[in-house]
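Residue numbers (UniProt numbering), protein chains in the order written: chain A, 1 to 161; chain B, 1 to 161; chain C, 1 to 161; chain D, 1 to 161; chain E, 1 to 161; chain F, 1 to 161.
Don't take every hint at face value.
Where chains are identical, the list cannot tell them apart; a pair therefore holds if satisfied intra-copy or between any two copies.
Simulated crosslink set (SDA-like; lysine to any residue; CA at most 20 Å straight-line) [claimed, not checked]:
| id | residue 1 | residue 2 |
| --- | --- | --- |
| 1 | Lys141 | Glu93 |
| 2 | Lys21 | Arg35 |
| 3 | Lys83 | Leu145 |
| 4 | Lys10 | Glu91 |
| 5 | Lys21 | His143 |
| 6 | Lys10 | Ala132 |
| 7 | Lys83 | Glu93 |
| 8 | Lys21 | Pro158 |
| 9 | Lys83 | Val23 |
| 10 | Lys10 | Lys21 |
| 11 | Lys21 | Arg157 |
| 12 | Lys45 | Glu9 |
| 13 | Lys10 | Ala148 |
| 14 | Lys83 | Thr5 |
| 15 | Lys10 | Glu42 |
| 16 | Lys10 | Lys151 |
| 17 | Lys10 | Lys45 |
| 18 | Lys10 | His143 |
| 19 | Lys83 | Gly136 |
| 20 | Lys45 | Asp8 |
Simulated from the structure, these hints should not be mistaken for lab results.
Here the structure is a predicted model, which is why all the values come from computation and not from measurement.
6 protein chains.
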Amino acid sequence: MSGLTHFDEKGNAVMVDVTDKPVTDRMAAACGSIRVSREVFEAIKNGTAKKGDVLGTARIAGIMAAKKTWDIIPLCHPLPLTKVTIDFTLEEETLSVEAVCTARLSGRTGVEMEALTGVSAALLTIYDMCKAMDRGMEIEKIHLLEKAGGKSGHYLRPSPF
Amino acid sequence: MSGLTHFDEKGNAVMVDVTDKPVTDRMAAACGSIRVSREVFEAIKNGTAKKGDVLGTARIAGIMAAKKTWDIIPLCHPLPLTKVTIDFTLEEETLSVEAVCTARLSGRTGVEMEALTGVSAALLTIYDMCKAMDRGMEIEKIHLLEKAGGKSGHYLRPSPF
Amino acid sequence: MSGLTHFDEKGNAVMVDVTDKPVTDRMAAACGSIRVSREVFEAIKNGTAKKGDVLGTARIAGIMAAKKTWDIIPLCHPLPLTKVTIDFTLEEETLSVEAVCTARLSGRTGVEMEALTGVSAALLTIYDMCKAMDRGMEIEKIHLLEKAGGKSGHYLRPSPF
Amino acid sequence: MSGLTHFDEKGNAVMVDVTDKPVTDRMAAACGSIRVSREVFEAIKNGTAKKGDVLGTARIAGIMAAKKTWDIIPLCHPLPLTKVTIDFTLEEETLSVEAVCTARLSGRTGVEMEALTGVSAALLTIYDMCKAMDRGMEIEKIHLLEKAGGKSGHYLRPSPF
Amino acid sequence: MSGLTHFDEKGNAVMVDVTDKPVTDRMAAACGSIRVSREVFEAIKNGTAKKGDVLGTARIAGIMAAKKTWDIIPLCHPLPLTKVTIDFTLEEETLSVEAVCTARLSGRTGVEMEALTGVSAALLTIYDMCKAMDRGMEIEKIHLLEKAGGKSGHYLRPSPF
Amino acid sequence: MSGLTHFDEKGNAVMVDVTDKPVTDRMAAACGSIRVSREVFEAIKNGTAKKGDVLGTARIAGIMAAKKTWDIIPLCHPLPLTKVTIDFTLEEETLSVEAVCTARLSGRTGVEMEALTGVSAALLTIYDMCKAMDRGMEIEKIHLLEKAGGKSGHYLRPSPF
Numbered sequence: 001m002s003g004l005t006h007f008d009e010k011g012n013a014v015m016v017d018v019t020d021k022p023v024t025d026r027m028a029a030a031c032g033s034i035r036v037s038r039e040v041f042e043a044i045k046n047g048t049a050k051k052g053d054v055l056g057t058a059r060i061a062g063i064m065a066a067k068k069t070w071d072i073i074p075l076c077h078p079l080p081l082t083k084v085t086i087d088f089t090l091e092e093e094t095l096s097v098e099a100v101c102t103a104r105l106s107g108r109t110g111v112e113m114e115a116l117t118g119v120s121a122a123l124l125t126i127y128d129m130c131k132a133m134d135r136g137m138e139i140e141k142i143h144l145l146e147k148a149g150g151k152s153g154h155y156l157r158p159s160p161f
Numbered sequence: 001m002s003g004l005t006h007f008d009e010k011g012n013a014v015m016v017d018v019t020d021k022p023v024t025d026r027m028a029a030a031c032g033s034i035r036v037s038r039e040v041f042e043a044i045k046n047g048t049a050k051k052g053d054v055l056g057t058a059r060i061a062g063i064m065a066a067k068k069t070w071d072i073i074p075l076c077h078p079l080p081l082t083k084v085t086i087d088f089t090l091e092e093e094t095l096s097v098e099a100v101c102t103a104r105l106s107g108r109t110g111v112e113m114e115a116l117t118g119v120s121a122a123l124l125t126i127y128d129m130c131k132a133m134d135r136g137m138e139i140e141k142i143h144l145l146e147k148a149g150g151k152s153g154h155y156l157r158p159s160p161f
Numbered sequence: 001m002s003g004l005t006h007f008d009e010k011g012n013a014v015m016v017d018v019t020d021k022p023v024t025d026r027m028a029a030a031c032g033s034i035r036v037s038r039e040v041f042e043a044i045k046n047g048t049a050k051k052g053d054v055l056g057t058a059r060i061a062g063i064m065a066a067k068k069t070w071d072i073i074p075l076c077h078p079l080p081l082t083k084v085t086i087d088f089t090l091e092e093e094t095l096s097v098e099a100v101c102t103a104r105l106s107g108r109t110g111v112e113m114e115a116l117t118g119v120s121a122a123l124l125t126i127y128d129m130c131k132a133m134d135r136g137m138e139i140e141k142i143h144l145l146e147k148a149g150g151k152s153g154h155y156l157r158p159s160p161f
Numbered sequence: 001m002s003g004l005t006h007f008d009e010k011g012n013a014v015m016v017d018v019t020d021k022p023v024t025d026r027m028a029a030a031c032g033s034i035r036v037s038r039e040v041f042e043a044i045k046n047g048t049a050k051k052g053d054v055l056g057t058a059r060i061a062g063i064m065a066a067k068k069t070w071d072i073i074p075l076c077h078p079l080p081l082t083k084v085t086i087d088f089t090l091e092e093e094t095l096s097v098e099a100v101c102t103a104r105l106s107g108r109t110g111v112e113m114e115a116l117t118g119v120s121a122a123l124l125t126i127y128d129m130c131k132a133m134d135r136g137m138e139i140e141k142i143h144l145l146e147k148a149g150g151k152s153g154h155y156l157r158p159s160p161f
Numbered sequence: 001m002s003g004l005t006h007f008d009e010k011g012n013a014v015m016v017d018v019t020d021k022p023v024t025d026r027m028a029a030a031c032g033s034i035r036v037s038r039e040v041f042e043a044i045k046n047g048t049a050k051k052g053d054v055l056g057t058a059r060i061a062g063i064m065a066a067k068k069t070w071d072i073i074p075l076c077h078p079l080p081l082t083k084v085t086i087d088f089t090l091e092e093e094t095l096s097v098e099a100v101c102t103a104r105l106s107g108r109t110g111v112e113m114e115a116l117t118g119v120s121a122a123l124l125t126i127y128d129m130c131k132a133m134d135r136g137m138e139i140e141k142i143h144l145l146e147k148a149g150g151k152s153g154h155y156l157r158p159s160p161f
Numbered sequence: 001m002s003g004l005t006h007f008d009e010k011g012n013a014v015m016v017d018v019t020d021k022p023v024t025d026r027m028a029a030a031c032g033s034i035r036v037s038r039e040v041f042e043a044i045k046n047g048t049a050k051k052g053d054v055l056g057t058a059r060i061a062g063i064m065a066a067k068k069t070w071d072i073i074p075l076c077h078p079l080p081l082t083k084v085t086i087d088f089t090l091e092e093e094t095l096s097v098e099a100v101c102t103a104r105l106s107g108r109t110g111v112e113m114e115a116l117t118g119v120s121a122a123l124l125t126i127y128d129m130c131k132a133m134d135r136g137m138e139i140e141k142i143h144l145l146e147k148a149g150g151k152s153g154h155y156l157r158p159s160p161f
């Protein structure tokens, strides 16, 4: 089963052997959004500027989760990440908050799962902190933006247009 | 800031005091999807039936992540969950896999974050196991389906129609 | 060895049996301080109000560490805490930041270690975030303030005067 | 905000990018103390020699906590430490136990937080194991002793005299 | 598939629903052994009495691992254990060390996996600490000794004679 | 105490200093077995082929536990493993399941504890999933098979014949 690299020839799950891959600088960026009610949107927007800092807490959650991706995703390698950042954009027209997570590593395998896990934890934390106001929020559009540094080359998500 | 219960009156983040809330039976169900390429879809579908069991691994990931929600989402209470299940549906027409996570607890606070975290980890694991075939997969539509057992009453997500 | 309850009669470490103790409401509060340079003090004070929120990050660290006290302190019982808060006071005259952690539980054993661990992690996080400015900071005065709810009765630390 | 390296130019918390820093041998040593009652002091002193080994348990706690510093302090990098030791000194004249933690790493960033976290966990464990005898113990004087191996050069804490 | 309770009717792994089971006092005891060389046996025996305390470290490892059984064994419930002890017996005639782990809980499901996991971690720690002397050590005879408190009644392992 | 490398000259436990050891490719393989009843054996055998996949779940458990060996065994170094696999063999004549765990690393210290911990967690998971059918299962014969890549040279367990 060519494409499913997380299985051996008998179909059993494995943590893929990357021992012989070269150490290179690697980076990945992923993003995702949460769609919220008008009331929640205003609370987040105001909270950021003044008090009740939803995004500050979500940022810490995303960074901490990225570091333990290997403990959440079964076949991910444990990786000593050298950088993690989380950035948020408030999108007024769609009443949504977009999160972007960027991760870096000097190592033998890519960090895209770390970026995706960081985004997911940040968005889940926003949900958690605002759920008393709105239970209908939806997390959406979690995907890889960019990936560089491995044998498979530079990946840049095609623009939707 | 009335709606944001995770902050005290000064705007500081807190793990909300639920000591005085009654112990009741609580449940929550959440779902979400991952949209994949035709090639990935077939690999998952065949793998499930025969070998290379992507969904079996994703199910374990979701169950284990639900148990440590409190260690991923900063202000969640540590909860001794009494049930976690993850179910998948393959949706051929949209080339997507839907995950549903159901959690239960006899306790003082709800388990919706546990259900949402279980769904997220299961979908991320599918991404991880199939990413060598397709880096353009997208995780979407993560939301609460149902919640029962707390003071705020029974929540059932309104049908989209 | 009467006083050392964490050992059995042969002197071996044990996680004390609390199965037969009654479930009661328990709380504990602990505090501690970090003494910093004038430059760090100003950076924290301004950061809190405007940007670079040292204390917001330290608060999250303290809450999350309190939840996993049982995984840090070998003989502590795993406890499903029902409340954790961290509060900071900036003390201009001594150039120090004081942290107070309050924890609650409806359970069979006390939560003083959770309060003390929350304080310690919060202060260590302040150190981490400011260490590029000053490596001579000192963490001090970590102690229990109050404890209520167990068989040993109400403990209130005697005033130093 | 020059000194606060854990924030980006917008004031948001980040896990600092160390990808481009050279791999060098790094070490750090930190210390701290716990002041106890005469009764506790004697119990620890005798326990060490004969049975009821408080310090042996505290040493293991400190070593294990140093290894997971990155999971306790939000913006610390995950680091594959190559050495951790904890040493204790009983100081009869002040009725206190001093802990020193030394950590080493061949890597891209320093290990002072690991040394400080190891000391803190060791001292908290002493508190835990002796708290049935004395709730008034105080943890104090946690600070960095020495740090070597990074760009910022050798740091040796100035003598108090 | 009647006997395999960790699967639903479709054969999918689940964390079994125990929400409706009564809270009762539960205990379990498990044991296991490690067979070592004469040289290792003597080192452990002398170490216990004087210094180089292999068994003290292994005891802490077993207690801490029992507490996180739910994070090691995928379908185990998270349980707030109320007691964990580890006891060792040195068996000169077979050159082996036997470990017994006893766990208790007031809860809705049994603690036999916690007792078995505690034993396993304690024996692995002995292996780790002595492996420089002998790589041929073997861990054996890990089994349940006793279990009480659930619907399935009292289990006492039949004597081998 | 020559052979016990996990203690310093005073007999205190340490995480051994490996900073100055060279980075080399290292591998280790370990195995172990669980003896089960005829009924359990058939359930596992059929489950593997069709549904109720005991071994698939146990494989994930073993891989994930190997990654956190450093968090289970107190004096193990945290290691960014580059490969983990778990393989099972059903042995009809002895009614047992044998697990083999292979781990690799490019690093400064060996990975035998990771292989042994992976085996132990996999076997414990089999016990967990089948315990409703048979509480008399026994885990046995956990030992190192092979180890390569360090200063101590290639170790291959002598054949029993």
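Verification of the supplied hints:
1. Lys141 / Glu93: both (16 Å within a copy, 19 Å between copies)
2. Lys21 / Arg35: neither (40 Å within a copy, 30 Å between copies)
3. Lys83 / Leu145: within (17 Å within a copy, 27 Å between copies)
4. Lys10 / Glu91: For Lys10 and Glu91, only the inter-copy Cα distance (18 Å) is at most 20 Å; the intra-copy one is 47 Å.
5. Lys21 / His143: For Lys21 and His143, neither the intra-copy (25 Å) nor the inter-copy (29 Å) Cα distance is at most 20 Å.
6. Lys10 / Ala132: For Lys10 and Ala132, only the inter-copy Cα distance (18 Å) is at most 20 Å; the intra-copy one is 48 Å.
7. Lys83 / Glu93: neither (31 Å within a copy, 37 Å between copies)
8. Lys21 / Pro158: This pair counts as neither: shortest intra-copy Cα distance 27 Å, inter-copy 32 Å.
9. Lys83 / Val23: Classified as both: same-chain Cα gap 16 Å, cross-chain 15 Å, threshold 20 Å.
10. Lys10 / Lys21: neither (23 Å within a copy, 37 Å between copies)
11. Lys21 / Arg157: Answer is neither: 24 Å inside a copy and 29 Å across each miss the 20 Å cutoff.
12. Lys45 / Glu9: between (51 Å within a copy, 18 Å between copies)
13. Lys10 / Ala148: neither (31 Å within a copy, 25 Å between copies)
14. Lys83 / Thr5: Close across copies (13 Å), not inside one copy (26 Å); limit 20 Å.
15. Lys10 / Glu42: between (53 Å within a copy, 18 Å between copies)
16. Lys10 / Lys151: Neither way: Lys10 and Lys151 sit 25 Å apart in one copy and 34 Å across, limit 20 Å.
17. Lys10 / Lys45: between (52 Å within a copy, 16 Å between copies)
18. Lys10 / His143: The answer is neither: 30 Å in one copy and 25 Å across copies each exceed 20 Å.
19. Lys83 / Gly136: Answer is neither; intra-copy 33 Å and inter-copy 23 Å both fail.
20. Lys45 / Asp8: between (48 Å within a copy, 18 Å between copies)
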